[in-house]
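Each chain, letter by letter, is given below.
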Amino acid sequence: MDTQPPPSSAFDQVVVPHLDAAYNLARWLTRNEHDAEDVVQEAALRALRFFGGFHGDNARAWLLAIVRNACYDWLRRNRPAEASASFDEEVHSSAVDQDPTPEDLVIEQAGRHRLREALEALPLAWREVLVLRELEGLSYREIADVAGIKMGTVMSRLARARSGIQQQLAVDSKRE
Amino acid sequence: MICSEFRAVLHAFLDGELDLVRQVEIEDHLRTCGACSRIHQAQLALRSALKSDELYFRAPANLERKVRMAAQPAERKRLPRPRMPAWIGASFAAAAVVALAIFVVPKLSRPSRTERIAQDVVSAHIRSLMPGHLTDVPSSENHTVKPWFAGKLDFSPPVADLSAEGFLLVGGRLDYAADRPVAALVYRKGEHLINLFAWPSGSTHESTEAADARQGYNLLFWTRGQTNFWAISDVNAAELRQFASLVRAHLS
Numbered sequence: 099m100d101t102q103p104p105p106s107s108a109f110d111q112v113v114v115p116h117l118d119a120a121y122n123l124a125r126w127l128t129r130n131e132h133d134a135e136d137v138v139q140e141a142a143l144r145a146l147r148f149f150g151g152f153h154g155d156n157a158r159a160w161l162l163a164i165v166r167n168a169c170y171d172w173l174r175r176n177r178p179a180e181a182s183a184s185f186d187e188e189v190h191s192s193a194v195d196q197d198p199t200p201e202d203l204v205i206e207q208a209g210r211h212r213l214r215e216a217l218e219a220l221p222l223a224w225r226e227v228l229v230l231r232e233l234e235g236l237s238y239r240e241i242a243d244v245a246g247i248k249m250g251t252v253m254s255r256l257a258r259a260r261s262g263i264q265q266q267l268a269v270d271s272k273r274e
Numbered sequence: 025m026i027c028s029e030f031r032a033v034l035h036a037f038l039d040g041e042l043d044l045v046r047q048v049e050i051e052d053h054l055r056t057c058g059a060c061s062r063i064h065q066a067q068l069a070l071r072s073a074l075k076s077d078e079l080y081f082r083a084p085a086n087l088e089r090k091v092r093m094a095a096q097p098a099e100r101k102r103l104p105r106p107r108m109p110a111w112i113g114a115s116f117a118a119a120a121v122v123a124l125a126i127f128v129v130p131k132l133s134r135p136s137r138t139e140r141i142a143q144d145v146v147s148a149h150i151r152s153l154m155p156g157h158l159t160d161v162p163s164s165e166n167h168t169v170k171p172w173f174a175g176k177l178d179f180s181p182p183v184a185d186l187s188a189e190g191f192l193l194v195g196g197r198l199d200y201a202a203d204r205p206v207a208a209l210v211y212r213k214g215e216h217l218i219n220l221f222a223w224p225s226g227s228t229h230e231s232t233e234a235a236d237a238r239q240g241y242n243l244l245f246w247t248r249g250q251t252n253f254w255a256i257s258d259v260n261a262a263e264l265r266q267f268a269s270l271v272r273a274h275l276s
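If you're matching them up, the sequences are chains A and B in order. Under this note's numbering, the first residue of the first sequence carries the number 99, and numbering increases by one thereafter. Under this note's numbering, the first residue of the second sequence carries the number 25, and numbering increases by one thereafter.
A few of these clues could be false.
Below, a sample of chain B positions facing chain A; criterion: calculated Cβ distance under 8 Å [unchecked claim]: (1) Ala36; (2) Asp39; (3) Asp43; (4) Gln47; (5) Ala66; (6) Leu70; (7) Ala73; (8) Tyr80; (9) Leu198; (10) Ala202.
Sample of chain B residues with no beta-carbon within 12 Å of chain A, all distances over it, derived [claimed, not checked]: (11) Arg31; (12) His157; (13) Ser227; (14) Gln239; (15) Ala261.
Cut-off 25 Å, straight-line C-alpha distance, at most; resulting in silico cross-link-like pairs (DSS-like, lysine-lysine) [claimed, not checked]: (16) B:Lys176 / A:Lys248; (17) B:Lys170 / A:Lys248; (18) B:Lys213 / B:Lys170.
The set of hints was computed from the structure by calculation and includes no laboratory data. C-beta: ideal position from N, C-alpha, C; glycine also.
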């Protein structure tokens, strides 16, 4: 690192400590490694530009909000259908009210790759809250800030995301 | 506690978002209700499966270096530039015209500062026109755009609804100019986009509009209501002047 030019405070305070989190979120939202790298680079540039506007103490949530917006911008540009897929909470909510069955327990036997596929198959709006909650460990308040939604919406989307994964895995196991 | 109550708050319970009293009530319920307990167990199983390292994508080893390289030009841009860019000479004629306008004279006494802001504004404008960079909050509603800035800036930018006059609000964006984060408001006039940058002036001094033209764009800047405004667009100078006077009128 000695040969590097002097690092910027913004870069070392906000970007570097949370680079894994930034990349993980970008990877799950774009579902592609190279695209995730592009998005993280763009997000880092934005973070640097807006660093003066960062007054809080939660650098990770602040950076993840920028990464999330950069992901959506990237998707709008490169996969407009995916980004603009009209998202209807009602249409997508059928899974929620069903009583879970013992098949939910198939999760324990499901291979990791199936779990990954099930998570990737979720609608973008559900996937992001689940990744922020389960993989990044963010609170509802933080998720609401990062995704720009209400805390009640965070909870209902989490419920739907979890239910969606469980159903997908149950279907997979029946096929065998 | 009945089962339907439990199911309603199941996820908040799982995520530790309930207050202690509710948390304890639910734990009691789970001890006595087999059906709810099974649901809870299934959720715990999903959670522990998702915690797997195999599902967490860590940044590739060289990503930090790539990001650092990409960030360098942006950082340099924020440092004062001792040398004037070559294209200043080309726009000397335009600058001379500007100098004739009497209200510019106070600005010219501090050319380096205004000069740098103008450069920032032109760069930010061009950057905003690149795909995907125009707005952080796309909305034609000033009641949506204005609150969006809350918590992102240390001031609340004025957002005027000028749709009746043919200038449609496209959205808002955070940007960086004049060595600070600024609000960028985007308007559309026909096919032309206008960026209006705003930030606190830090004094009660006011100034009327001063004009400039750079790299094919018209610029207007003024200070009013303790706010600095810079408008830039490829609309013609008369239309930009109309836009500026509408902004002034709406905010006075």
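Quick rundown of the hints versus the structure:
1. Against a cut-off of 8 Å between C-beta atoms, the interface hint on Ala36 (chain B) holds, since the closest Cβ of chain A lies about 6 Å away.
2. At a threshold of 8 Å, the smallest CB-CB gap from Asp39 (chain B) to chain A is about 6 Å, leaving the interface hint in force.
3. Among the interface hints, the one on Asp43 (chain B) is violated; its C-beta lies about 13 Å from the nearest C-beta in chain A, farther than the 8 Å criterion.
4. Hint status for Gln47 (chain B): violated, given a least beta-carbon distance of 15 Å to chain A, over 8 Å.
5. Restraint check, Ala66 (chain B) versus chain A: the minimum CB separation of about 3 Å is within 8 Å; hint holds.
6. Restraint check, Leu70 (chain B) versus chain A: the minimum CB separation of about 5 Å is within 8 Å; hint holds.
7. Given the 8 Å rule on beta carbons, the hint for Ala73 (chain B) holds: about 5 Å separates it from the nearest Cβ of chain A.
8. The closest approach between the C-beta of Tyr80 (chain B) and any C-beta of chain A is roughly 6 Å, which is under the 8 Å cut-off, so the hint is satisfied.
9. Of the supplied interface hints, the one on Leu198 (chain B) holds, with its beta-carbon coming within about 5 Å of a beta-carbon of chain A, less than 8 Å.
10. Of the supplied interface hints, the one on Ala202 (chain B) is violated, with its beta-carbon coming no nearer than about 11 Å to a beta-carbon of chain A, more than 8 Å.
11. The beta carbon of Arg31 (chain B) sits about 9 Å from the closest Cβ of chain A, which is not more than 12 Å, so the claim that it is off the interface is violated.
12. With a closest Cβ-Cβ approach of about 7 Å to chain A, His157 (chain B) is found to fall inside the 12 Å limit, against its non-interface label.
13. Every Cβ of chain A is farther than 12 Å from the Cβ of Ser227 (chain B); the closest lies at roughly 20 Å, confirming the non-interface assignment.
14. Taking the minimum C-beta to C-beta distance to chain A, about 20 Å, the non-interface status of Gln239 (chain B) holds against the 12 Å cut.
15. The non-interface label for Ala261 (chain B) is consistent with chain A: the shortest C-beta to C-beta separation is roughly 29 Å, beyond 12 Å.
16. Annotation: proposed proximity of Lys176 (chain B) to Lys248 (chain A) holds, straight-line Cα distance about 17 Å (limit 25 Å).
17. Taken as a hint, the Lys170 (chain B) and Lys248 (chain A) pair is honoured in the structure, with Cα atoms around 18 Å apart against an allowance of 25 Å.
18. Pair hint Lys213 (chain B) plus Lys170 (chain B) holds up; C-alpha atoms about 20 Å apart against a cutoff of 25 Å.
In the structure shown, a violation is registered for the earlier hints numbered 3, 4, 10, 11 and 12, in ascending order.
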